[in-house]
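Engineer: The primary structure of each chain is shown beneath.
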Amino acid sequence: MNSDGIVRFHEVLAALRSGENSPLPDLNNAQYSDEFSVTCDIDPERKFQTKYELGLYILERFTGSGIKREEIIQNAGIWTWLAYVWLRQLTGGETEKPEIGDDSRYIFSDDFRKNYRHLVWLPYDMISLHGKDASMLFLYGRVDKQGDFTEQALSRMDIHSNTSIIMTATKLYFDSGLGKNKKGAQNRSRPGNFRRFVEVLKQLDLVYDLASCSPDEIMALLPTEFDKWKT
Amino acid sequence: MQESVKLDVTGLNTPNVAFSCSADLGRYNFPESAAVFLDVYRNKYIRQRHSLGTVGSPVKIRDEKIPRFSSYPVLTYRITVTDQGQGSKLILGRSSPILFTSSGPGSSASPILPLRYQNNINQVWCIDFESGKPVLLINSGITGIEEKIRNDALFRHSIFPAVLREILFYLFILKEPDEEDETTQKWIQYISETLGFHDDLDILKDENDEDDGTDSESRMEVIESIIEKFSCKNFTVQSDSVSGGS
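Top line first, the protein sequences correspond to chains A and B. Using numbering that gives the first Met the number 0, you'd call the opening residue of the first sequence number 0 and step up by one each time. Using numbering that gives the first Met the number 0, you'd call the opening residue of the second sequence number 0 and step up by one each time.
Everything hinted at is true.
Cut-off 20 Å, straight-line C-alpha distance, at most; resulting in silico cross-link-like pairs (PhoX-like, lysine-lysine): (1) 227/A <-> 179/A; (2) 228/B <-> 185/B; (3) 144/A <-> 96/A; (4) 181/A <-> 170/A; (5) 204/B <-> 113/A; (6) 64/B <-> 67/A; (7) 113/A <-> 185/B; (8) 232/B <-> 201/A; (9) 201/A <-> 228/B; (10) 179/A <-> 229/A; (11) 228/B <-> 204/B; (12) 131/A <-> 179/A; (13) 144/A <-> 181/A; (14) 201/A <-> 170/A; (15) 174/B <-> 204/B.
The hints are simulated quantities; they were obtained by calculation from the structure and are not laboratory data.
Assemble the whole structure, with the sequences as input and the hints as a guide.
Structural biologist: Laid out in structure tokens, this is it:
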């Protein structure tokens with residue numbers, strides 16, 4: 000999507016927010032979009048149950064077309080275009096009253112303080128950076144929801160970019176049997192809850208080089224309040 | 000530690016950014032087996048870690064390419080020395096971030112807080128916000144003040160936390176946060192990357208999606224936390240002295 004398309008996209012979001020529910024204008028034309036240098040087929044009708052499914056789909060499509068992460072990860076036009084393609088399901092589906100979040104959820108921002116909020120970019124980023132299963136804690140939910148775990152942790156570079164921390168968080172707070180977070184992980188009154196995990200990481204980061212720790216080493220550094228989450 | 004690191008960056012304003020680096024840390028009495036890492040980050044998602052070997056067996060990095068990323072203008076480098084004992088990974092030493100702009104490391108081409116000596120002010124110091132960018136004015140009429148600014152930790156500690164408080168108060172409370180503003184961006188970057196302060200930055204930037212009553216009082220609390228972090232990072236206060244600060 001080019002700059003004209005991005006301006007138009009902002010207008011579309013404003014209109015949806017104000018209650019207009021007319022068909023989405025076609026932005027997939029020369030006025031609003033530029034040709035991408037590599038051919039890669041994307042299914043606009045594809046439905047995703049979770050952010051994980053979405054991220055995996057994009058990863059497979061890009062990888063199959065020979066597109067590398069570093070070539071694509073900050074291409075605002077591509078991520079914004081993809082969000083427009085799937086906008087209906089990113090705003091709650093074909094409902095009469097779509098839920099429109101902040102524009103940064105759909106329009107990729109070059110601002111590093113906002114781009115983790117992008118609903119299409121983040122799943123791809125996490126899977127391509129950390130591997131398929133490492134970041135399940137952040138990706139198991141619906142595609143139109145950002146999720147508390149993301150908001151609380153992924154704005155921080157030292158967490159977002161550290162695969163061992165992401166794996167440790169998933170080990171601690173994700174229940175693979177249920178396919179969702181462990182009960183109480185977001186409960187502030189529970190010892191060792193996720194917010195505490197983020198807090199404790201800040202403290203450990205002052206003393207330990209977490210970037211060179213394995214998940215097991217990070218796990219071993221956690222105080223006893225986290226023991227019950229380890230099982 | 001920076002003086003023991005040789006770092007060259009080429010092509011900073013082009014798609015082909017590359018750097019070379021070597022570190023000779025022999026004089027710091029680190030264990031020979033301690034690992035030395037160079038972290039390069041351009042923004043929060045672009046962080047690369049490179050091994051510089053160990054203190055006893057250093058490895059040079061030559062013409063390492065940094066993938067093409069956004070137009071983010073600053074590269075930041077940091078050296079970390081880590082104990083590699085079984086299950087340890089303790090940080091033995093860490094350099095301050097080395098900022099690389101198009102003018103080179105630590106460039107003074109565009110300092111975040113220019114300092115100017117003037118004799119026409121009635122205070123020891125004050126901040127001039129007239130241009131929209133804060134400038135620190137120091138009263139040059141005070142004998143020996145330049146020396147005190149450079150070398151007197153107690154004097155600096157009595158000034159700079161207050162300077163920072165006044166600037167943040169101006170940018171985030173008086174003026175209302177404006178993330179498009181270049182000066183605001185630079186200070187947020189300083190807070191986040193140089194001070195390592197990430198807590199509640201959204202409150203400061205008034206970015207919370209939720210209507211949770213974020214107001215000037217909350218921002219003031221965040222500013223005080225930043226001042227605390229700034230002070231801890233730059234000064235050591237003991238019962239009878241103050242040290243540190245640069």
